[in-house]
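Student: Sequence:
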Amino acid sequence: MTPTSPQLTTEQSHFDVIKEHLPAWLLNAPGEQRNALRRSMLASCNSRHEVQRMMAKLQSPEQFVKPLLEQAIAVNFRLTLDVGRANFVHVRKNDYFFGLVSVQGQTTEQILLSAALRNFEEALTSADLYGAGSGIYPIAGNRDNKTRIKPEEFALVCRRLDFGSLYQAHLRSVLAVPGDDRESSTRDPLIKSYKDAFAVAIHMAILQQKISTDCYRVLLDVLNDRYVVRQDTQSCSLLEFLGLDVSEVLVIGLDAEDGTHPCIVYIPQDPFAPLARYNSLKDFEDALSSRLLSRSYQRFFSRFLPISARGQLLSQLIRKAMWQKWGPQTSPIPRPAPFWLALHPIRGDAFKSLRERRVQQIERHGREVVVPTADIDTQARQRQLQVYETAGLGVLILAASFIPVVGDILLLFTGAQLIRAVYQGFDAWRRDDKVEALNYLMDVAEQVALMGASAGAIKVGGFVSSLIPVRLSPTWSSLWKSDLTPYRQPFELPETLLPDEQGLYDYQGKHYLSLDEHLYEVGTDGSPPGWSIRHPDDPWAYSPPLMQNGSGAWRTLHENPQDWSELKRLRRLGPIAADTRPEDLEPILHASASDSNLLFELHRDNQSPPAQLIDTLKRFQLDRKVRDQQLPDSLGATSSMTAGQNASERFEALYQQSEQVEGPLPEQIRQDFPDLPKSYVQAMAKSITPVEARQILDQKSLLPYLKDEAELSMQNVDTARLHEGLYLRTAFNPASDQLALQTLEALPGWSGNVRLELYSATLAEPPVASVGSDTATSVRRLLREGSRYRVYDADSLPIFAPGDLYSTIGRALPETELDNLGFSGPNRNTALKQALIDKITQLSASPVVVRQIPAALPSPPYWPGRALDTHFALETPPGDLEQMGDELYQGGFSRHYIREGERYYQVESADPGWKLIDARNPFRFYRPVLRRRAGHWEINTDIGLKGGAPGPAHSKIELVESESDMATAYEYTPPEPFTREDLLRMKSIKSYQRQPNRMGDYDRADNGRYPLRDLQGKPLRIKKIQSKSEVTDSGVRYQAKDILPYLQWEKHEEVAKLYEEKLLLRVFRAEDAMFPQEQSMIGQAMVVARKPLKAGEAIGVYGGNFIPFHVSNARKDPFVIDILPGPPVSRPKWDRLVLTGDNIISRINSIFEYEGPLPVRQASRGYNVEGATFPVDVDIGDGRLEPFVLSAFFTTRDIPADEELRWNYGYTGAGVRTTFAEPETSLEA
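Residues in the sequence shown are numbered from 1 upward in steps of one, following the UniProt record's numbering.
Accuracy of the hints is not assured; some may be wrong.
[Said to hold, decoys possible] Have a look at the derived ranges for each label pair, beta carbon to beta carbon: (1) Gln660 to Ala776: 23 to 29 Å; (2) Asn76 to Leu293: 50 to 56 Å; (3) Thr107 to Asp500: 16 to 22 Å; (4) Asp819 to Pro798: 23 to 29 Å; (5) Asp128 to Pro345: 19 to 25 Å.
[What the hints assert, rightly or not] Calculated cross-link-like contacts (lysine to aspartate or glutamate; reagent style EDC-like; alpha-carbon spacing at most 16 Å): (6) Lys707 to Asp675; (7) Lys1091 to Asp1202; (8) Lys833 to Glu586; (9) Lys210 to Asp270; (10) Lys678 to Glu711; (11) Lys686 to Glu667; (12) Lys839 to Glu586; (13) Lys1024 to Asp1177; (14) Lys459 to Glu1053; (15) Lys510 to Asp500; (16) Lys618 to Asp443; (17) Lys625 to Glu495; (18) Lys987 to Glu1053; (19) Lys625 to Glu667; (20) Lys700 to Glu649; (21) Lys1023 to Asp1177; (22) Lys1023 to Glu1050; (23) Lys66 to Asp144; (24) Lys19 to Asp500.
The hints are simulated quantities; they were obtained by calculation from the structure and are not laboratory data.
Glycine included, every Cβ here is placed at the ideal spot set by N, Cα and C.
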């Protein structure tokens, strides 16, 4: 039978599951007999656990000998060897011509531990029997580095230590009868276990009417040691089968008046008849021989025989005996009758005799596995070895089988058929749980026996209530404890064996799965076939069904990932994550931009991990291998892995070797994007349709939308590499150190009174990063040398030897600054590094929100839409959907779906509209924008052919002096003239590193600075500007000529006057609040109209310095705005350029809607100013032009003097929550 594994419905109660299995013989039995069965089963359960406690002290041959052998080698040979891997090689020497000529003979190899278990004949202690090449080698199969241990000396040590005799003493110490007095048998757990099991068999046999009342009384007398028979009848006997001693089987002689010799035979757990009466021993022999025709019964009966008569040997013996008994007679000479059975009368206690025979069999088996020196030279030993070799039983196989063989016999539980029908895995439970389960089973039987069909459920105990109803076949259900411990395999797979794409290991024709560092055999069962875990010993056991994502993550149907820890969720993603160390969990999640919720969703939805998480896991794994020097042989042997390479080079070589892709399509993707990691390549290849694949291979280039997707993927990779560099010791990334240094100013306690400057190649070039005030009296310069840094003073003189970044910072900062930051003591550098990483993690989790000009409202379609790609559809329709209208649905876990035709697609809400998610790879960057048109969903090609590509281009006009040198249209004098110092500041050049932009900071001189300035603070001259702006939120396109006065080159004061003629920065007052919640803004800055402004009037452009996003994030800069062309980016890349605004336009406030005291979203109306974007071409030097986006601002209605200006920052709801998480945060940001 191959059990199937769908789970039962939860409505089926435990009572009903048990009720359907209760046999009629149990329900119809007298109550007294049921109670007797209950008592005997409980007693047997308890005594079996006492046996288990005793057997727990028993060590396997390998466990016992291994430490003794390794200690002996250390003492005698001053060596440390792994005896489970080391190899004993014996090259036999053959002599000819009376010993005058010697030649090399047969070579045998065996694991050193195996050789010690097998022991050595005395002759093998002589060097004369070992040819050249004989010896002991550290690793099997490798003839290099032979140890200095001579084989004959090793043989002598093994003989003298006599591990076999020591192991016999160990067995006797565990199995000895407690005490010497006559009462010892009553206290012996083995004897009590035998008697209790016998009692269960007696009560079940009478209840099942398998024996008569007379036999029942006889058996009770045997149990209580008061059975007496006639002089010519043996009361109890042990059995011999084909000349082999049989353990546990008891033959009970019966008195008979007719001169026959009937008997009762007790075979524990016999599937046909554990207790049965036979008219004679011959009748029993016939019945037994008939049962032995079945291979399954042979396997069952072999547990009572010596190990030497199992498997093929037993089959051969039985076939020979069967031929003698029933084969055709071909010779005139009659065959002798086969000698199948013989009896050995018991003198005294029957159960004590059963115990003695089993212990003798165990000790004999022990002598065969770990051979005493006294046995090794006997001819009997040599014959026994020949028998084992014929049966294919090596020494280590025998040793490994020893404990299971002992356990099979000693821990048998009579009545298992009744119990296993109800409880799956009963044998593996704790004693108290078994007792509770047995009592509940018998309570249900009592209830049903008394009440019949009207019987109702009874109270369930804590353990039984935790059991899961499962179905093993359409008509067979059972209760199962959700515990995989009994399913674990007792061995380990070869270290060199690699898993397949599903995460399975193919070994010796079977499939194995590693879960939580334990090995399980798995197979496909049921109809339709599905993977499930197979029990190592019981083919009838429940097979827990498995779910998988196809790329290495497996879990049973009964596991809930919500109950798992973060570490378990990560490790369960498959072999690539299985060995993740606890200390690597948070770094991996941070570097891959993952979190615990993502891990949970991956398991819940059986999804493959995102490409970046796979790549990060691999890189962390390789980093560990390099640091631990655990290089795979296949990689370590390559010429690229020379001894002279440092750790970073070794890491990179290993990574590149693991990144090879195969197949025309992946190779084409890699050709277009050589640095795209393998995990991204594979994910992209799976999402490309066959038609697209042919097109790509024909034109030998990716389609445009796939190139865009690959570029976004590379940006994601760059960010991951940045964060990986904070953790991986063998993958140095200078950008990671820049990020860490720049984050220093975000730490609590940083004063800024010390200036640290980071240099890449030479001190003559500008620093790549810096922190601290421009006016700091203490300046330290950190110059990178490889992956280390040397500290120089302000005069460029070296003052400290090179070190890693964090130790260098620790030495460069004064003690007072370190104290302010809270770092002291010998571990301060480690604490500094962790604090910086924690701050970076915090900042990346809630990045500063970048201001964006809101996109125009959707207009009537200009381009025809495209039909949805059916490859994006879900394989199975989602359940429990709630319709929201227009074939839009909401499902579980706050997910949204659309229906087009008969297919369902998952979508996500976004600012341009609903975006389509690819069901094949939900994490891909390509998510086309959708629109609803004519009753159908389609891809919105107005936002690009594939949804997101650039739209139609617009003409640009060149900026020339004649156009930009325009007189002001206003005759207005600012209230305060600009001073000489103001004019100097307008012309000064300051990089973002020297110019923090904080809330409350404002310098009116910044209005006269050019609006676009590079990272060093140099003005970037706009050479071309689009003649009209992009369509604004209000549907207007503004003229570029209206903002040209604000773009005058080197007309600092004139431009500044333009701003101050129209705008005024003043303090926010109580009467300025539009909502009660804006009272918190009192005392902060606001921008008002200095004079009446007309609708559509230009009021300036958003001006400031370029700054890397990660620096603005560390500073929590409230004034950053996007300046790069292309669609808006919700989470900018770490080094993406943004602009930190410093002129008066950047200080204009916005309007928000509130829930309680905090803003929750941008207001939908109420603004009197709007932004408009103008694509521009900027001269970045040497005549090279780069595209950027300039944000200009215009009034949307007439504005009277002193009215505050407000514009829509374009924040998403998440952006608003991030920005205003703290109640005291100003609304000016």
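Student: Given the hinted pair Lys700 and Glu649, is their Cα-Cα distance within 16 Å?
Tutor: With a Cα-Cα distance of about 32 Å, the restraint between Lys700 and Glu649 is violated, given a limit of 16 Å.
Student: Please verify whether Lys510 and Asp500 have alpha carbons no more than 16 Å apart.
Tutor: 13 Å, holds
Student: For the hint 16 to 22 Å, verify it against the beta carbon of Thr107 and that of Asp500.
Tutor: This hint is violated: roughly 35 Å between Cβ atoms.
Student: Within 16 Å, alpha carbon to alpha carbon, are Lys707 and Asp675?
Tutor: 13 Å, holds
Student: What's the verdict on Lys686 and Glu667, does the C-alpha distance respect the 16 Å limit or exceed it?
Tutor: 13 Å, holds
Student: Are the Cα positions of Lys210 and Asp270 separated by 16 Å at most?
Tutor: Since the Cα atoms of Lys210 and Asp270 sit roughly 13 Å apart, the hinted pair holds (cutoff 16 Å).
Student: Run the distance test for Lys19 versus Asp500: straight-line Cα separation, threshold 16 Å.
Tutor: Measuring from Cα to Cα gives roughly 44 Å; hence the hint is violated.
Student: For the pair supplied as a hint, Lys1091 and Asp1202, confirm whether the alpha-carbon distance does not exceed 16 Å.
Tutor: 7 Å, holds
Student: If you check the beta carbons of Asp819 and Pro798, does the distance land in 23 to 29 Å?
Tutor: Given range 23 to 29 Å: holds, Cβ gap about 26 Å.
Student: Lying within 19 to 25 Å: is that true of the beta-carbon distance Asp128 to Pro345?
Tutor: For Asp128 and Pro345 the Cβ distance comes to about 53 Å; the hint is violated.
Student: Lys1023 and Glu1050: Cα distance at most 16 Å?
Tutor: 14 Å, holds
Student: For the pair we were handed, Lys839 and Glu586, check the Cα-Cα distance against 16 Å.
Tutor: 13 Å, holds
Against the hints set out earlier in the document, violations occur for numbers 1, 3, 5, 14, 16, 19, 20, 23 and 24.
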